[in-house]
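Engineer: From just these sequences and the hints, can you work out the full model?
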Amino acid sequence: MQYIFFAYLSVAIIGLSIFIITRKNPVHSVLGMLFMFIHVGALYLFLNAEFLAAVQVIVYAGAILVLFLFAIMILNIKEELQTELFIGSWVMAIPVVMGLLIMLFLGLRAVKAGYTGLHNIDYIKTMTHTKAFGKELFANYLLPFEVISVILLVAIVGAIVLAKRRLR
Amino acid sequence: MDFSRDMALIKPELWLTGLAIIVLLLELIIKKKEVIAFLGIIAIAVTAFIVLNVAPGLAFKEMYISDGYSMFFKFIFFISSILTILLSMRYLRNENVHYGEYYSLLLFSVLGMSFMASSNDLILLYLGTELMALSIYVLTGFKRYDARSNEAALKYFLLGAFSSALLLYGISYIYLLTGTTNLREIAERLISESSEPVLMIALLFLASAFAFKIAAVPFHMWSPDVYEGAPTPITAFMSVGPKAAGFAVIGRVFIIALGSIAVDWKTVLMVLSVLTMIVGNVLAISQTNIKRMLAYSSIAHSGYALLGIIAGTPEGIRSTMLYLFIYAFMNIGAFAIVTILGREGELISDYEGLGKIEPLWAAIMLIFMFSLTGIPPTAGFVGKFYLFMSVINAGYTGLAILAVIMSAVSAYFYLRVVMLMYMKEPSRTISVSPNLPEALAVTITTGLVLLMGVSPYYFIEFAKVSMSL
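Going down the list, the sequences are from chains L and H.
Take -7 as the starting number for the first sequence in the numbering used here and just add one per residue.
Take 12 as the starting number for the second sequence in the numbering used here and just add one per residue.
Worth flagging that the hints you see were computed from the coordinates, not collected in a lab.
Just so you know, even glycine gets a beta-carbon here, dropped at the ideal spot from N, CA and C.
One or more of the hints may lead you astray.
Chain H stretches covered by chain L per the calculated footprint, using a threshold of three residues with CB under 8 Å from any CB of chain L [unchecked claim]:
#1 67 to 75
#2 128 to 141
#3 144 to 155
#4 184 to 191
Quick list of in silico lysine-lysine cross-link-like pairs, DSSO-like style, CA-CA up to 27 Å [said to hold, decoys possible]:
#5 L/K127 <-> L/K117
#6 H/K72 <-> H/K22
#7 L/K156 <-> H/K435
#8 L/K123 <-> H/K72
#9 H/K22 <-> L/K127
#10 H/K72 <-> L/K127
#11 H/K22 <-> H/K475
#12 L/K117 <-> H/K475
#13 H/K22 <-> L/K156
#14 H/K367 <-> H/K435
#15 L/K156 <-> H/K44
#16 H/K475 <-> H/K277
#17 H/K42 <-> L/K156
Structural biologist: Spelled out as structure tokens, the structure:
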């Protein structure tokens, strides 16, 4: 049963990804992306990562896609611009992509499962995912969490500064 | 309690955050932007004072480290930002972009840099880098109605995002191998993993990301364009502060976390350093715009500063630190003159005959050019001397020879400015009228460049004491 589920999800994610990059109409691409994000969310759920699944749906499918749609709406793009490819040669592209793939597989091979700390499966099961994650985030990763808030502040201030009215 | 001890250790950053936000808010009330600039300087001075009184130690689950090393680098950041603020006021007024946010963004970028220098964890290191970079992207594009400034900001942003991706890739591979992001734990767990091919990939990613931050060849493409387009005081800041921050993290990550594969990263850094010295110095020769020339010169100086880290000895690290400290003064000093001349000092040919019209400013420019070349009795000589000594003591004589040859090459384009100033007739009249803060910045930089050149003892001791803490 779980194999069928996984097979469906992986085929759907790959198919949707190809669908996204081959559409001429950007709105179709974005809608394809919405479905892809939901499928990825389902994949997380399948791995018992319910918190990640919820974040995936809320942040990606919710917030980021709306941003995409806003951008398309504001720019009023009906059809994607037809421009020359930046890098035209397949001779270069294929080795680079293959290299990246090899790197990815090397990385997957090198994963060490040996380092188990507090967060083993039993602990997560009794604590639930969200609670364990929250405890970790607000206890051990408090400082990075707070630094992120400053980064967001800078992003907002920066955006406003760059869009401000001109001085007379 | 543990938490209050942690808070005591990050006090400088807490104060800086608070003061930066206060400066940001006061901008609403205070209409005279010079006051905001002054408050910005006070904020940094207060932070610097607090840094001096923080005990060394680890905080927040060993994520944050406060030691002499971080303190030394923080002082480079504070000094370069204060000098930048002093130079900015008249420049921004002339360019008609005098917004108060400029100063708070500058403070936030200093905050990001101090987190970088103090990070003992790859996550905090990454976030510090982002905080610094994000503020500087905005500052680069601060002249919003200038196409070159826009171009520079966009270019810097896109390439910066690319380098962040590389950094994250490297971090994730390290995490894959060790299951931790803490630098010391990484070092412990890597001892048994040193032959893993993935580790090499991680090393290459990290090295490329850091090379981007310090503008080392072949990741230097962005810097001439960005330096040329950005507001001149920000160019001065960018060529010193973020660069020093990049060196701070290179030192910590490579020497502490990746200590077990020192042979490998030394080879990588050596290639970077050799390329950087050669390309930076050779390309600087053909520049006609002074900001571009200084951009290439700053690339070349990254190559020299890398030498101390390649040496890897405490003496080497110390001389890199001292070099960056000296470099902060001489480079900001040179940019100060460019800022003061403003639109009349964009091209190298604009300096023709400056010695006849404005003898004082020409003499000061001469000092900075001598110092950048490394001619005694200026600080640049002292810095290069200790750097090359440490490389030779570590056994890399070939590198030291190349560095000396490249310094000789650099004399061509630095001394050409001097030649134009003193041996050509002026083609036009320039009126140089700096305001008080600019004059102050020039006085500080000139004074220290000469002082460090004549009696470097105290500054060497300062670097030594910082390392031993």
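Engineer: Determine for every hint whether it applies to the structure shown.
Structural biologist: Each hint, compared with the structure:
Given as covered by chain L, the region 67 to 75 of chain H passes the check, having 5 residues with a CB less than 8 Å from a CB of that chain where 3 are the minimum. Here the region 128 to 141 of chain H counts 6 residues with a CB under 8 Å from a CB of chain L, which clears the bar of 3, and the coverage holds. Chain L is given as covering the region 144 to 155 of chain H, and this holds because 7 residues of the stretch bring a CB closer than 8 Å to a CB of that chain, at least three being needed. Only residues whose beta carbon comes within less than 8 Å of a beta carbon in chain L count, and the region 184 to 191 of chain H has 6; three or more means the coverage holds.
The suggested pairing of L/K127 with L/K117 holds, with an alpha-carbon distance near 15 Å, which does not exceed 27 Å. For the suggested pair H/K72 and H/K22, the alpha carbons sit about 16 Å apart, so the restraint of at most 27 Å is met. For the hint linking L/K156 to H/K435, the alpha-carbon distance of about 45 Å lies beyond 27 Å, and the restraint is violated. About 20 Å separates the Cα atoms of L/K123 and H/K72, which keeps this hinted pair within 27 Å; it holds.
For a cut-off of 27 Å, the pair hint linking H/K22 to L/K127 stands: about 24 Å separates their Cα positions. The hinted pair formed by H/K72 and L/K127 meets the criterion: a straight-line CA distance of about 14 Å does not exceed 27 Å. Among the hinted pairs, H/K22 with H/K475 is consistent with the structure: their alpha-carbon atoms are about 24 Å apart, no more than 27 Å. Taking the CA atoms of L/K117 and H/K475, the gap is near 52 Å; set against the 27 Å cutoff, the hint is violated.
With a CA separation close to 33 Å, the supplied pair H/K22 and L/K156 exceeds the 27 Å bound. The hinted pair formed by H/K367 and H/K435 meets the criterion: a straight-line CA distance of about 9 Å does not exceed 27 Å. Pair hint L/K156 plus H/K44 holds up; C-alpha atoms about 16 Å apart against a cutoff of 27 Å. Note on H/K475 and H/K277: the hinted pairing holds, with a Cα-Cα distance of about 23 Å set against a maximum of 27 Å.
Using a Cα cut-off of 27 Å, the hinted pair H/K42 and L/K156 holds, with the two alpha carbons roughly 16 Å apart.
The structure is inconsistent with the numbered hints 7, 12 and 13, although it conforms to all the rest.
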